[in-house]
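Chains as they are written, first to last, in this note's numbering: chain C, 31 to 298; chain W, 104 to 349.
Among the clues, some could well be false.
To be verified - Cβ-Cβ distance ranges computed for the label pairs, FRET-style: (1) W:Asp155 / C:Arg37: 30 to 38 Å; (2) W:Thr143 / C:His218: 28 to 36 Å; (3) W:Val233 / C:Thr123: 52 to 60 Å; (4) W:Asp196 / C:Lys166: 40 to 48 Å; (5) C:Thr123 / W:Asp239: 51 to 59 Å.
As the list claims (entries may be wrong) - Away from chain C, derived, C-beta distances all over 10 Å, residues of chain W: (6) Thr143; (7) Tyr151; (8) Ala207; (9) Val311; (10) Gly315; (11) Leu330; (12) Gly331.
What the hints contain is simulated information worked out from the structure, not anything from laboratory work.
Glycine included, C-beta positions come from ideal geometry on N, C-alpha and C.
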Amino acid sequence: MSKVARRHHNGKLDMVFEPRRGYTRMPHVFQQPPLKASRELYEGKDPTATVFVMESSGGMVAGDRNDITIRLLPGSKARIIQQSALKVYRSHTGETCVQSIDVQLEEESRLEWMPEVIIPFADSKFQMETTIRLAKGATLLWGEIIAPGREMRGEVFDFSSLKSMMKIYVEEELLAFDSLHFVPDNLHLNGLGLLEEALYVGSIWLVSEKADEIDLRAIHEAMNVGDGLRAGVTRLAGNAVHCRFLGVNQWRLQQELKRVFSELAALI
Amino acid sequence: MKQQNDDSSNLSNTVAIPTDIQFLRLLQIHDSAFPIGTYTQSYGMETYIQDDAIRTKEELIAFCTTFLYQNLVYGDAILIQEAHKAAKDRDIDRLLHLENLCGAIKLAKESRDASVNLGRQFIKTVSPLVEDAFFDEWKNRIAANEIKGHYAILYGIYCAVNNMDAHYAVLSYLFSSVNGLVTNAVRAVPFGQNTGVQAVHLLAEEAVAAAGLVAGLTEKDISNNALGIELASMKHEYLHSRLFIS
């Protein structure tokens, strides 16, 4: 007797933003469960559309896929917020969960992707591929936080594998390629030069024509580090900036990452 | 002229043993006195030294081992191997892609600049010594500012046009990189000469194992898990006093 195989979830979310009568609207959205997008929300007269992305299944299970595409037409401005942390459950079948995010930012558009935490549970397998393409004059601010597992339950780097690939292209040229591949069984993540005492990894990516004007030394000096948090900021090729955070404590890392995120958002 | 060993029944058929002159040429370009400026780069190690995190031989070896296995193996070494193959195939488009990728994976500005500075010094030093149309073409692209000229890519091309096997190109690069780091640590920490010698002696075995790993990797394996070192490279820019430029 063979068990009936569970059908994998394949969440899909395709969002297109465009400026209409002074505000950015999301006239085209395709959603397939468990992914879902809220309607556009606005803060006062700010034309930026804020959209919440929801994952109604509660988390990804062995072999599940999430495919998200985001396209900002020329001149549109959007802020996307994940409603909750992304949970990746134990891979009981050995299959990998995949999250693919493709972003296309056309001329003079602006996207902010607010960081939420990715939590790979014990024995989970997760792969995320994020590709962002920017046209001339487009602005990006992107944040991401990876947890070691459900730390409060003592689950620290107990996942099977986690692969994260982030590619940023500006006008068709690959500007940054950040690729992490953590397989805790084969890798002493706490070794010198790796994560050391840190459990959480945070990243911010910024692309803006105003990037050159940002005083990175000032950003660096204002970073509230120590007490288990380390952080750095560097200039990428082109008009881009990258910040990395390595922290022992989730709350502390998240607070500081969000503070730097807002500080940068105000500058571009 | 020495013949390349193409005998497919040879036990070492996957790797062509360097000829005597190729062996000496490799020794020469990896000598610490070869003027490409390796002695000025610490790739973030100086940040660790200033944080007092590299005080013992064991810590030095741990740092170098992480740099070797997590940064070089899955970064420059794969790119050398791929550039070597692309140069053998005379595949310019592929080399341009690898050149771009080499810059994109080096997120910390100083590591990226180091790669370009070493590359530029390397080509200046070796170009009077190499007679090869393909190598010249790559050199002209750098001169014309069409490309940056990352060291790993140039070095892969150099070894390919001189018929040096990719395995020895990678092995000697890995060894000379950690050897350079240890030499710099001996000056900066400082350590006694014997500590340095003993560290390099041990790291040589790691370089052999690492080169063995690289042989089975391709572009899709590129990654960088050495986040502590990368962060240290990012912070190095803002250190108050520095011996090294990265």
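Is it true that the C-beta distance of W:Val233 to C:Thr123 lies inside 52 to 60 Å, as the hint says? holds (54 Å)
W:Gly331 remote from chain C - nearest C-beta pair above 10 Å: violated (5 Å)
Assertion that W:Leu330 lies outside the chain C interface [Cβ separation over 10 Å]: W:Leu330 not clear of chain C: closest Cβ-Cβ about 6 Å, inside 10 Å.
Range agreement (Cβ of C:Lys166 with Cβ of W:Asp196, hint 40 to 48 Å): For C:Lys166 against W:Asp196, whose Cβ atoms are near 24 Å apart, the range 40 to 48 Å is violated.
Over 10 Å from every CB of chain C: does W:Gly315 meet that, or does the non-interface label fail? holds (15 Å)
If we take the beta carbon of W:Thr143, is the closest beta carbon in chain C still more than 10 Å away? Answer for W:Thr143: holds, closest chain C Cβ roughly 19 Å.
Compute the least Cβ-Cβ separation between W:Tyr151 and chain C, then decide whether it is above 10 Å. violated (8 Å)
Take the C-beta atom of W:Asp155 and the C-beta atom of C:Arg37, compute their distance, and say whether it sits inside 30 to 38 Å. violated (55 Å)
Nearest-CB test (10 Å) between chain C and W:Val311: Correct as stated: the minimum Cβ-Cβ distance to chain C is 19 Å, above 10 Å.
Just to be sure I understand the hint, the distance between the Cβ atoms of C:Thr123 and W:Asp239 should be within 51 to 59 Å; is that true here? holds (55 Å)
Kindly confirm whether 28 to 36 Å is satisfied by the beta carbon distance between W:Thr143 and C:His218. holds (30 Å)
For W:Ala207, is the shortest beta carbon distance to chain C beyond 10 Å? violated (4 Å)
The structure does not agree with the numbered hints 1, 4, 7, 8, 11, 12 stated previously, though it agrees with the rest.
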